[in-house]
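K.L.:
Chains as they are written, first to last, in full-length UniProt numbering: chain L, 1 to 345; chain C, 1 to 345.
It cannot be assumed that every hint is accurate.
If several chains are the same, the list does not tell them apart, and a pair holds so long as it fits within one copy or across any two.
As the list claims (entries may be wrong) - In silico DSBU-like pairs for lysine-lysine, Cα to Cα no more than 30 angstroms straight-line: (1) LYS25 to LYS251; (2) LYS229 to LYS55; (3) LYS16 to LYS244; (4) LYS282 to LYS6; (5) LYS214 to LYS134; (6) LYS229 to LYS183; (7) LYS180 to LYS282; (8) LYS244 to LYS25; (9) LYS342 to LYS2; (10) LYS2 to LYS259; (11) LYS251 to LYS75; (12) LYS3 to LYS229; (13) LYS320 to LYS253; (14) LYS229 to LYS134; (15) LYS282 to LYS214.
These are calculated hints, taken from the structure and not from any lab test.
2 protein chains.
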Amino acid sequence: MKKGCKFGTHRVIEPKGTLPQPAWKIDNDMNIYDNEILIDVQTLNIDSASFTQIKEEANGEVEKIKEIMLGIVEKRGKHHNPTTGSGGMLIGTIEKIGPALEGKTDLKVGDKIATLVSLSLTPLRIDKIKEVRKNVDQVDVEGKAILFESGIYAVIPKDMPENLALSVLDVAGAPAQTAKLVKPGDTVFVIGGTGKSGMLCLYEAKKRAGITGKVICLGTREESVNRVKKVGLADEYIIADATKSVEIMEKVKEITGGKMADVTINCVNIPNTEMSSILATKDDGLIYFFSMATSFTKAALGAEGVGMDTRMIIGNGYTKGHAKISLEIMRESKELRELYEKLYA
Amino acid sequence: MKKGCKFGTHRVIEPKGTLPQPAWKIDNDMNIYDNEILIDVQTLNIDSASFTQIKEEANGEVEKIKEIMLGIVEKRGKHHNPTTGSGGMLIGTIEKIGPALEGKTDLKVGDKIATLVSLSLTPLRIDKIKEVRKNVDQVDVEGKAILFESGIYAVIPKDMPENLALSVLDVAGAPAQTAKLVKPGDTVFVIGGTGKSGMLCLYEAKKRAGITGKVICLGTREESVNRVKKVGLADEYIIADATKSVEIMEKVKEITGGKMADVTINCVNIPNTEMSSILATKDDGLIYFFSMATSFTKAALGAEGVGMDTRMIIGNGYTKGHAKISLEIMRESKELRELYEKLYA
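Please take these sequences and the hints and turn them into a complete structure.
P.N.:
Structure below.
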């Protein structure tokens, strides 16, 4: 059995010398190296920005969606959307564990796990697409995947349905980072607060900002804002197009009495919302971009352009304890869990 | 005289409702609004990533460079490179000040200033390109530009040549942010440490990390690394291709005895260096991306992909006092000033 690199560089086909994520193409042969884990894949959870793009390209037609997805994996050896640059995650059962991992991993053959590393670096083979669940970005397949030694994962909890856990784990980084960033008394502005990651961020923000803080939710549609309002996830609600930066600024100014937000969390999966984030935030505030549609240059030049000293953080999908923190929300809030189950599971 | 918005939204032609920076096209008519400042432009300092792209597209031919630059301004009303998304800055003399700014600004007609907001949002008219200084990314022109009310600027200091001040101010955000991020005892890794912003970052890093810290400079070419070595800007030097993440990681591991960097500052103007930054940094370290060639998704997914909890910051070109901090370096270090004058002025 061949010896593999911790980060999976042995799977990179082109360009050589890079890691599997930035690589254009990786090897998806399912004979494992000595430090790899083979997974029998059950469900792919496609990144929201990626799946939105695929659905648009396919005009919403299921057969065309399948074709595009199979094409991506065929070309790249992984489900790494070339347009959005993003991936997603998967759920499956451990089929084989490389001997070099013995004593290093708690996993055993037969465990059901969710991989918490992106599909954009995970060797994947799809034998058949069984079902496309368009509204929840989930696709059931027959196929295999590889988890590298450095790859993170979570064993699926037994006290909630699999699809619910998968939906929560897919965006686990966002609420966990929110929990770490928000301090008591903070005014927190969540852009895209009615979405999959946004709702969890609202929940954590409200919990951490506490009674002296203020949490503001921005959503595009009245229907989805009302949904969130019913669960009481925020203190204030704005219904507006997230790309209309000047309008957003005026509304946040009104709600905060001109003080603006201490922390802004951007979870909306559409482009051109950098400036709304910047203008809604205090000069010495902090912006956390979790959206994969964020443009680095638009954020950097945007803040400079309006002379704002705002700290802007690139949303890292991983932070210590993120699976634990996010799954716990489903246990804490019965109302949010019910809503989440209805929408995403 | 027409009343203008603080941020210059009155100049946006398309798409409406956005700010001048994200806008595709802005109005470069040189009749000023009541809160605008008219500048007689002398020199454009094109952003390094942008100018590298333009030079490549022009195969290095000066006439072709001029044509591309005029084309950009013709199409967009600003020098906003559509490929890189970045701008640059300019130097010029105040020609007219809108009456609404009376008592609000210290500037007077005749002052020579550098604008510290990006060219990617500055209304610009180029009447003639007089000289292209290819090696310093500077272009002398006859033309006019507009500074908005929110626009930041620096009056050119009298104790150093203009072109030197302009080169320093162009990258002022990077050393000023470095000064704020680096703590005594830190191990600091500067990627692209031999470049225009990199050298200033090295200087600030060494000053702030102090005798108990360690500053590591990464450069691509032996010649430029030797230049920096002669001035003694770093404690350790690596000569390598910044895109070779695994190689870079091994070298930083060796130098730090496996501890890796506390703070990594990425100043290199080439794509695909996100992973090198991540692998060279401690799991709980901090990465500051100043390079405009940074890809948001590559950074976000890259860190997640290797299970790293690293905090990654989007380099904001502006931070309070940035002009003062960076110009002061030229007064503090005679050696660095000499090198800077030779290379960039």
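K.L.:
Does each hint fit the structure? Answer for all of them.
P.N.:
Going down the list of hints, with the structure as the test:
no.: 1; hint: LYS25 to LYS251; verdict: between (45 angstroms within a copy, 26 angstroms between copies)
no.: 2; hint: LYS229 to LYS55; verdict: within (29 angstroms within a copy, 53 angstroms between copies)
no.: 3; hint: LYS16 to LYS244; verdict: between (42 angstroms within a copy, 9 angstroms between copies)
no.: 4; hint: LYS282 to LYS6; verdict: between (42 angstroms within a copy, 16 angstroms between copies)
no.: 5; hint: LYS214 to LYS134; verdict: neither (34 angstroms within a copy, 52 angstroms between copies)
no.: 6; hint: LYS229 to LYS183; verdict: within (23 angstroms within a copy, 44 angstroms between copies)
no.: 7; hint: LYS180 to LYS282; verdict: both (19 angstroms within a copy, 19 angstroms between copies)
no.: 8; hint: LYS244 to LYS25; verdict: between (38 angstroms within a copy, 16 angstroms between copies)
no.: 9; hint: LYS342 to LYS2; verdict: neither (45 angstroms within a copy, 53 angstroms between copies)
no.: 10; hint: LYS2 to LYS259; verdict: between (59 angstroms within a copy, 29 angstroms between copies)
no.: 11; hint: LYS251 to LYS75; verdict: neither (46 angstroms within a copy, 33 angstroms between copies)
no.: 12; hint: LYS3 to LYS229; verdict: neither (53 angstroms within a copy, 39 angstroms between copies)
no.: 13; hint: LYS320 to LYS253; verdict: between (34 angstroms within a copy, 23 angstroms between copies)
no.: 14; hint: LYS229 to LYS134; verdict: within (25 angstroms within a copy, 57 angstroms between copies)
no.: 15; hint: LYS282 to LYS214; verdict: within (14 angstroms within a copy, 34 angstroms between copies)
The structure is inconsistent with the numbered hints 5, 9, 11, 12, although it conforms to all the rest.
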